[in-house]
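**Q** Using the hints, position chain A against chain C.
Taken in sequence, the protein lines are chains C and A.
Numbered per our numbering, the first sequence spans residues 66 to 336.
Numbered per our numbering, the second sequence spans residues 8 to 423.
Think of the hints as simulated: they come from the structure by calculation, not from any bench.
As the structure is a prediction and not an experimental result, all values here were calculated from the model.
A few of these clues could be false.
Claimed, not checked - Once the Cα atoms are required to be at most 25 Å apart in a straight line, the calculated SDA-like pairs of lysine to any residue come out as:
no., chain 1, residue 1, chain 2, residue 2
1, A, 320, C, 98
2, A, 273, C, 299
3, A, 297, C, 216
4, A, 392, A, 350
5, A, 320, C, 232
6, A, 297, C, 300
To be verified - Covered by chain A, according to a simulated footprint, are these stretches of chain C (three or more residues, beta-carbon under 8 Å):
no., region
7, 213-225
8, 233-240
Stated by the list, open to error - Some chain C residues near chain A, calculated using beta-carbon distances under 10 Å:
no., residue
9, 228
10, 300
11, 301
12, 302
13, 304
14, 305
15, 306
Here a beta-carbon is modelled for each residue, glycine too, at the ideal position from N, C-alpha and C.
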Amino acid sequence: MDSRVYLFLSLILYAVGAVHVFVHVVTRRRLLTTLTVASTLLGFAFHTAALSQRWTEEGHFPAVGLSDGASFLAWATVLVFLLVYLTTRVDALGLFAYPFVFVLVCVASLSPTSGRPDSVLRGLFLPVHTVLAVFGYGALFVAFTMGVLYLIQEHELRSRSPHRVYYVVPSLERCDTIGGRAAIGGFAFLTLAILTGFNWNMSLNGRYWTGDPKEWAAICAWLIYVVLITARYRAGWGGRRAAWLGIAGFAIVVFTFAWATLVPGVEAAAP
Amino acid sequence: MIVVVGLSHQTAPLAVREALAFPKDRLGEALERAREEAGLSEAMILSTCNRVEVYGRAPEPVSRHVAEFLARFHDRRLDELGSQVYQLEGDAAVRHAFRVAASLDSMVLGETQILGQVKRAYEAAEEAGSLGSVLNALRNRSLAAAKRARTETAIGRNAVSVSHVAVELARKIFGDLRDRSVLLVGAGKMSELAARQMVRGGARATVLGGRTFEKAEQLAAALGGQAAPLEALRSSMAEVDVVISGTGAPGLVVRREDVEEAQAAKRNRPLFLIDIAVPRDIEPEAARVKGVFLYDLDDLRSVAEANLRERRKEAASAEAILEEEIGAFLEWRRSLDVVPLLVELRSRADEIRRAEVDKARRRLGPLTPEQEKALDAVTSGIVNKLLHSPTVELKRMAGNRHHTEHVGLIRKLFGL
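Okay, chain C solo, but in the shape it has when bound (with noise of 0.2 Å):
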């Protein structure tokens, strides 16, 4: 079968548990449901189908240009979700995740592939530097979820007449925890991706350091990762700080990746 059939089925499987998510919030009733999980592992392993399809129809990693970026990207979201999901329980991540993983998955199957037979792409480097990127990213991202659902929740406790999230939305503390670990485990794959990052640039180009915007905006959103983590473990910079750092940290990630996705020019072929 065709990559964008594998790409279209796990589409609609994904939409399955996005629109499950929403109704329940309405009919208050569990958030996710065993029908839920499944049917996003259905759609789990299509997306996986599709994307080792577009392994052998490229014949390099398929993680170059906007439609494979965006697929990829969203695989590894939903993975990390589902892992976070299974040992947390915290089915309010839902809500963020399935949306943003269906938008993904709609980029991906609408924009056309690039299809550019490239001997640089051929190397280690890119799987290497995109899986790491991307499972950054999907980490990142839950610390993004959790502290907007921290905000929530707090703005739910000081209004002092809440709305139906303040039951949906798991406790501040909870929040904050799975943030903050989040933050850190999507640290550390940042930090790995753009040390691979600077070393393809070197193989390429002989030289760590290019002076391309993406490098500078992905050092700062490094930095800022710096920031949130050590502060909030030196100097107890936990709850509505930390949730702060967590959002903006993850809006400049994304202004990276589109960056990395958008713009032509091999430096730009991996996020």
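**A** Frame of chain C; chain A shown alone:
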């Protein structure tokens, strides 16, 4: 037929409910009299502060007799109680029994006490020997339905009393309460209630006492915590996560500066201040300090109201679940009725007779009208004679308390 006769918070004021309540020590007597005087073959009495109800089973509609018994037992006259007493029979009675057990008929929707009260009422009836197969089935099915409604909807999930709301909010802030510490300022009833639940959740408690230090010590001992003088307020607040203040003091006890100082020492980690005193103990301005969540009595009430609204929305899905269970129960009941059983038994026997007659006719060839008549008469005679005694016996045992088992057995034996 199942009947339910009684009165509840929805139909009668407290004074009337009190007057008609059944004291525990007279329950055995009441159950016996209910059966004798109202013609019930099975009886159960549910008597709580919000409702007094007699559940019964009888071969015919006897709810009027049950209502009269209810009035007579308490030396009242039924006509003076008027419409305060409801008399439900059949499907309506079953529906009511299910809704009561599931707390959909409760004053506080979704409250948990009613389930235990209903359970105990059935147990008391069982001990008194007035529980038979039908009420027993009603017990099992209605309690199972209540549990299902509770687990599948959030009808009982969010707290609606002030002290529970305080504990739930603490959980929304701190997650697990294990190893959290609670500071009680003043030893009031409501703060004790909230603190007790937090301690049960794993929190440590410190009680600050002023003039009545002895009271603080007693409460601290009961909560497994420590007592300290009120002067230690500032230093204690820097070390705790939750402060419950409920003194009778006329002025402020906790000021914004105190909270600011504590938060500086705590590096702005969350501090949950609960002010349940009237007049208030904690300066309202303290809510502006970083990391502080301040709730006074009105705030807690407003959350309780929001929770109750949430429960009311949940009630719709709980009703749907209950309807399913009620439908299943009623269908099962109908399958056990004697009358349909008799009809089915008869038609099954007649079916067999006709089939056999047809077979014989094919073998015998053409018969004269007289022979036809004789063949019919002989076979019908056998069927009628065979079914006569079971029919009489079944009708006789219709009011018997073991009738459901017998009906089930007969269905099994005849493959119906």
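**Q** Mind checking the CB of residue 300 of chain C against every CB in chain A and telling me if the closest is under 10 Å?
**A** holds, 7 Å
**Q** Given the hint that residue 392 of chain A pairs with residue 350 of chain A, does the C-alpha gap stay at or below 25 Å?
**A** Judged against 25 Å, a Cα distance of about 16 Å means the pair holds.
**Q** Regarding the pair residue 297 of chain A and residue 216 of chain C, is the alpha-carbon distance no greater than 25 Å?
**A** holds, 14 Å
**Q** In terms of beta carbon proximity below 8 Å, does the region 213-225 of chain C have 3 or more residues touching chain A?
**A** holds (count 4)
**Q** Do the numbers back the hint for residue 306 of chain C, that is, is its least Cβ distance to chain A under 10 Å?
**A** Hint holds; residue 306 of chain C Cβ to chain A Cβ min 9 Å, cut 10 Å.
**Q** Are residue 273 of chain A and residue 299 of chain C close enough, with their CA atoms no more than 25 Å apart?
**A** holds, 14 Å
**Q** Should the interface hint for residue 228 of chain C be scored as holding, given a Cβ-Cβ cut-off of 10 Å against chain A?
**A** Holds: closest Cβ of chain A sits about 8 Å from residue 228 of chain C, inside 10 Å.
**Q** Compare the distance between the alpha carbons of residue 320 of chain A and residue 232 of chain C with 25 Å, and conclude whether the hinted pair is satisfied.
**A** holds, 13 Å
**Q** Using 10 Å as the Cβ threshold, decide whether residue 304 of chain C counts as touching chain A.
**A** Given a least distance of 7 Å, the restraint on residue 304 of chain C holds.
**Q** Would you check the hint for residue 320 of chain A and residue 98 of chain C, treating anything up to 25 Å between C-alpha atoms as holding?
**A** holds, 20 Å
**Q** Is the interface hint for residue 305 of chain C satisfied, with its Cβ closer than 10 Å to some Cβ of chain A?
**A** holds, 8 Å
**Q** Checking one constraint from the list: CA of residue 297 of chain A to CA of residue 300 of chain C, max 25 Å. Satisfied?
**A** It holds: about 15 Å lies between the C-alpha atoms, which stays within 25 Å.
The structure meets every hint from the earlier list without exception.
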